[in-house]
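Engineer: These are the residues of each chain, in order.
2 protein chains.
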Amino acid sequence: MGLLDSVSPRAIATSALLLGSLAQGVFARPSPEPKSDWVRKGPGGSGGYFKKKVHDQIRRAVGGAKRTAELESCAETTTTTITAPKPNPWAPLSNEETASVVEWLFSRGDLNLTTTEDATAWDNSIVLVESMWPNKTDAVNYLDANAAAPTKYAHVILNNRATVDAHYADILVGPLPIDSATTWSPLEFPYTKKSGGTVRNLDADQSALYSEWIYPISASIADITLDLWNATGMGLDNDTLSIWGIDPLWQDDGRVTMWSAFWNSPTGDFDDSTVLPLGLYFRSDVTGRDPSQWTFEGWLYNDIFYETTEEFRAAYWSEGFVKNSPNVDGQWAQTGQVGKVEPLDLLPPPVQVAPAGSRYAVDPEQQYVEWMGFSFYVGFTRDAGMALYDIRYQGERIMYELSLQEALAHYAGNDPMQSGTAYLDTFYGFGPYAFELVPGYDCPAHATYLNSSFYVDETCRTHINSICLFEFEADHPIQRHSTSKYVSITKNTYFVIRYVATVGNYDYMFSYSFFLDGSIAVEVRASGYIQSAYFANNHDYGFQIHDSLSGSMHDHVLNFKADFDILGTSNSLELVSLVPHTTTYSWSKTPRNTMKIDRKFIESEDEGQFNWGANSATQVIIVNENATNKYGEYRGYRVLPYTGTAHLTVKGSSNLNNAAHWAEHDIVVTKRKDTEYRSTHPLNNQDTFEPPIDFSKFLDGENLRDEDLVLWLNLGMHHIPHTGDLPNTVQTTAHSGVQFMPSNYFLEDQSRRTVNQVHISYGEGEAAVVERFGQFEASSENATCKPNYEPVEENLEAYVGDIVVRKFPFDPNNPFYQTDAIGKK
Amino acid sequence: MGLLDSVSPRAIATSALLLGSLAQGVFARPSPEPKSDWVRKGPGGSGGYFKKKVHDQIRRAVGGAKRTAELESCAETTTTTITAPKPNPWAPLSNEETASVVEWLFSRGDLNLTTTEDATAWDNSIVLVESMWPNKTDAVNYLDANAAAPTKYAHVILNNRATVDAHYADILVGPLPIDSATTWSPLEFPYTKKSGGTVRNLDADQSALYSEWIYPISASIADITLDLWNATGMGLDNDTLSIWGIDPLWQDDGRVTMWSAFWNSPTGDFDDSTVLPLGLYFRSDVTGRDPSQWTFEGWLYNDIFYETTEEFRAAYWSEGFVKNSPNVDGQWAQTGQVGKVEPLDLLPPPVQVAPAGSRYAVDPEQQYVEWMGFSFYVGFTRDAGMALYDIRYQGERIMYELSLQEALAHYAGNDPMQSGTAYLDTFYGFGPYAFELVPGYDCPAHATYLNSSFYVDETCRTHINSICLFEFEADHPIQRHSTSKYVSITKNTYFVIRYVATVGNYDYMFSYSFFLDGSIAVEVRASGYIQSAYFANNHDYGFQIHDSLSGSMHDHVLNFKADFDILGTSNSLELVSLVPHTTTYSWSKTPRNTMKIDRKFIESEDEGQFNWGANSATQVIIVNENATNKYGEYRGYRVLPYTGTAHLTVKGSSNLNNAAHWAEHDIVVTKRKDTEYRSTHPLNNQDTFEPPIDFSKFLDGENLRDEDLVLWLNLGMHHIPHTGDLPNTVQTTAHSGVQFMPSNYFLEDQSRRTVNQVHISYGEGEAAVVERFGQFEASSENATCKPNYEPVEENLEAYVGDIVVRKFPFDPNNPFYQTDAIGKK
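Chains V and D are the protein sequences, given in the same order.
In terms of UniProt numbering, the first sequence is residues 1 to 825.
In terms of UniProt numbering, the second sequence is residues 1 to 825.
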């Protein structure tokens, strides 16, 4: 690596776009209805399930965008680009590859596919075309041993609805490029359920569910909704109510049960419907594909259950019926500036600047990054967004993979809507909701941006500037020591790669930070709108936070895969605990109350699930038992909570059944296997009793000493929203993180390598002598850039936010991207 | 508050100095010998205990110091100064007051005082003259109800050694100013031990201990130390060994037992003696004041105990005796730049700048601070450094006091040195070691600095620029929400007041941060040198981290007092827990596995000690049960771990006995009483079985509902040093913190008040519409300052580091401060 070339951060984003990045599919509209009004409103529109226009805006072209003019021109001249050591084996399919796979799929008579635009609820269609992940052995041989690149395959998901047994099918298509040898086969090996790589589809009749079921039921009580709220929900353009409900659907006893809830409509332009519940619910049995067989099972209002509409209506119009007031939109639910402005707040606040531009290096084509001895590749999938691969420090691989697996938001309440909600967010996908980041707000103005793309409806869509990379100086040093004679102190400059995915109401900010001592942190912060409950007899499930509103209690649990390779793949997990101890010594016959260290190894998967120890007294260290340092200590990386973690409170959740056993502990360690590539499947919510991937089956007693290990780590927050969560949850407390630090891995602290430290000797009444370790000699040549900070200059009018579209069939002679609105195509 | 006046941050520091700040006494040299060589070497010098020149350098005058020229001139024009609403009731004594008290004390024949310079081990002298804290009722009446300022008293500690029962005496002198009504009386009320405000002094004969005991013993085995290490420790200037040992001394059975250990001397200019243990120890009984009655009790080497020197010598020179190699100074133990420099590290890293100067306001004379609706007073004591008082938000008091009480570092090991060490750092004091902060490293270059001072040896000493205040923009927003139509996002700008105290080998960085949502964080970070163990048969107590070195396991536990006043002093502590729950509902006859909230109050001090709940499932909220919000919820502040905490691992420590019961839990809540002002006493180590303040006695069953409550919170780190702690511990993982956040305190998130947010509407192919809430209209007028960042310009040659001295008797006609070296006075 070196100071090879310099391009602008904007140019990197643009070039990644032009070079064609990955293609992933947005599964579809979720069912039951998702969390957030702006997502939910999609299906009311143009009909077909996979044709839903989740993102219905278009962005104007990028490229010419300017931000803080002086800063940017400064940074533009100095962002370092490099060439990755090898092409990224986790790279997305190219546009050409994706187009060729799509064309090939349509050519297969046995698949009986219809284009998404033309598909009815009884046609088969393509949900996803994405690059298949390489097997680890192949990827490592390629990266380390000059083997050929892993053979490329496409991972395709089909939505086979031309049958009463509607199901999704995971298949592999390849090898690529497409030729006469190309075949498809079921992608079953990551499944714990031996179903041939298929999952039943509970949502096949989503369109009928609204048009033939939900809206007629709502219309049948229009007298009541008008009386209660002066509002109706009939599936019309002027509807003033929304109706959506639990996720996953109840799947007990082979029946599929749906609870639907009424929500008020925002009166302003804000996305605040999830804080406008109305407290009325109905239950349906929607088993099977024949709406005529679906049954209505009752109404719930004010904690009273009515088995029939007649019963409910009779009660409603009888004397003494208790009518609760609705939650109504207003400034209380809307973001923006409200309240007294502090006079000094009118001055521009401090801001971080990068006087020399970036000090990291990026291969934008291969999505490969280097910073101060660290390097990694970036991957991106529809399901789980950004992932990091082959994370190395000083040339040694620390982790093969570090990636989000799933985010669960499990609610509880005295009403079936809250009680029945346990969102598994990869169903919706993180990729499709990774909008453009806001420069100067989401990331410092000097950040570099990358794009991300995903496949949907035979198109490839791109969020520009949706991943940011930046270096930041912490507000405190990484090292210091003072004496009466000298002080030695080192700047704590760290590197971050970040993206944000707003999956419905909640904004998840994922940050991966790298530090000068070789440590790495993974953090999640949450903001956005809470999903609230109607406040009625449910103080055991939340605080009352507005007139008729309960801050519905819920757990966020986010599962990460950390596939460590400490000096190879022969690793073990050591637990090193501080324990109280009473003992005598050669020098003390009287027993002493003191403490000592207990060491043990996790021997097998039988003991592979555990929680962070009480009083933080147990260190969790992944070591290579065969790679001791010169003092005989195991070289390793310690895993520790950084800003708090959480696992699921609920035991044996009635919502999740077997769909999320990964959420039950803070830490799980398993033997890495190709067949246990991810802890969950985005379609687990379609079959919670027999999900495609039941994580508990990973734990089958395998040996964990001197094996290739994967840590499955849960971050999370227990959230009982209070008034301070209105209008939005704030990131001061809604955060969680774990940290990975070298433990006896090196012989000394690696932050000693930086020149950005000083040693000041003083005393004896003389001027201090400052040792600067050459930092300024070099920088005086290289850092001639002087940003003139102008507080007014951030050109946020250039913000694009959502997506750019490329159509298939792919025509390389036409522009690589166009900016037509998806809704207008 | 408003934009009243503008002065430079440097000017504030200087004016605080000129205006004469507080006077606190450095207790003295600790005994047994303290942790760090540069502190330890003090007593070898000029003899008398309280005359030790802990800081023997002098700094040149401040005032003219420049840092980054452009930045500073920018900030200098805009730091806002204000006048505190009332003079600070926690202010230090003025120079005049201190001098008058000292003069009055010497005039009292009954006290029989000798000046420190002339005092022998059998004379009485003054240890401390400091402002006595006001009783809370008086201070609150003064602050809130226009009562007169609390009557001023001086808190004095005398070292009464002119007796075989040498003891320290806490006394009160007042009222001030001194006149004929002035008297002194024992300060007994904060003591749980009814000893008349006195504590025995185990260190009265510290000088004799070295000259008549330790050095002769060391000299008696010079043959062995020369053979083992080619070194001697005889109390001579050319000594090549250091000898110091356990703290506290063992105090069992009425005997005072001391273990002393041999340490190698640094060969360079680094403060690394604590990583140079030599593995030889001896035991003495040093009970009483007559050295002729002290007894030598044996040697320990390589885990073998020898009862006499003869026995040890015989073994040593016999065949087969195992000699272990010494730990020898070298680059491995020295800070500074080492190792491969990354090419991009030669570019200057990002840096935070404040284009409009400070957006906080300071009364430098009264040490009063305001930021974005927060306000507080600053206090500073010899024992525990900086404290914050009367912390208000939007005019309402949140906390009466937020202050460090004590820092414990409890070691363990197979040798008596490590096993016997449990430093209680207020004995050494945090105030005397709060050196000058390094601009651009400890705090951003745009920070404002305050001075701190302390009393010792009839002089007042000042550390200039030892407290910093600054605003900082986090690397992430405080709030955000994206949709397909808009994004709303708010900057996370926070405010920090910080100081660093290097008590021997460890640097403790204390940061109090304030956030726009009304939350407050307290954080401690640790860096500096570990205290290590000689590696011999002690792998149960640490990792081997160098040739003959063990990273000695230890617990840091730091106790903080948080005297909350939530809408008055009638407060209660509520525990709100998420718990698993299986139940039926009106709408589900089948029991459902879900969760609910359990609420309970801490009823009395009988249940006042507890730990953070498993899985972070319990919220700890201090509320006012009589102050519900409009929805009937208790207004309160929640207390939660921020970056991890720890309490003491050891149960019933043989070192501490009753001296640190505060360390046993994460949280203790007690009824606030004037007699329970602090959780510990800096002299607790002098009488560990019957310490002056035994915290366990605070817990005597008092009611805790609707009472004035104090939370005693422990921060801390369990530390098993590994190779990455060499040469210094790094702050990436050595950190701990708690956070206080409004819980149903306001009706909505208070960060909505800031104008530093944007709302960007986009879509439909049109340019984004950006709502900036007036932030730039105002700033375009106020923020004309444009820092030209020049990486080379930080003038660290102006660093002063240590102290300036003012002498008593005080002469107001002479300069308020002088810069003579203490060592040269």
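In case anyone wonders, no lab produced these hints; they're calculated from the structure.
Heads up, a few of these hints could be off.
In silico BS3-like cross-links for lysine-lysine, where the CA-CA straight-line distance does not exceed 30 Å [unchecked claim]: (1) V:651 with V:600; (2) D:596 with V:340; (3) V:323 with D:152; (4) V:600 with V:136; (5) D:485 with D:136; (6) V:589 with D:485; (7) V:323 with D:194; (8) V:651 with V:589; (9) D:589 with D:600; (10) V:589 with V:152; (11) D:697 with V:630; (12) D:193 with V:340; (13) D:596 with D:651; (14) V:651 with D:671; (15) D:673 with D:596; (16) V:589 with D:152; (17) D:651 with D:136; (18) V:340 with D:86; (19) D:340 with V:630; (20) V:651 with D:697; (21) D:194 with D:630; (22) V:86 with V:600; (23) V:86 with V:136; (24) D:596 with D:136; (25) D:671 with V:485; (26) V:630 with V:600; (27) V:697 with D:600; (28) V:485 with V:136; (29) V:86 with D:485; (30) V:193 with V:630; (31) V:485 with V:194; (32) D:485 with D:600; (33) V:323 with D:651; (34) V:673 with V:193; (35) D:630 with D:697; (36) V:152 with V:485; (37) V:651 with D:673; (38) V:600 with D:86.
Everything numeric in this text was worked out from a predicted model, so none of it was measured.
Engineer: Hint by hint, which ones does the structure fall short of?
Structural biologist: 2, 3, 5, 6, 7, 8, 10, 11, 12, 13, 14, 15, 16, 17, 20, 21, 22, 24, 25, 27, 28, 29, 30, 31, 32, 33, 35, 36, 37, 38
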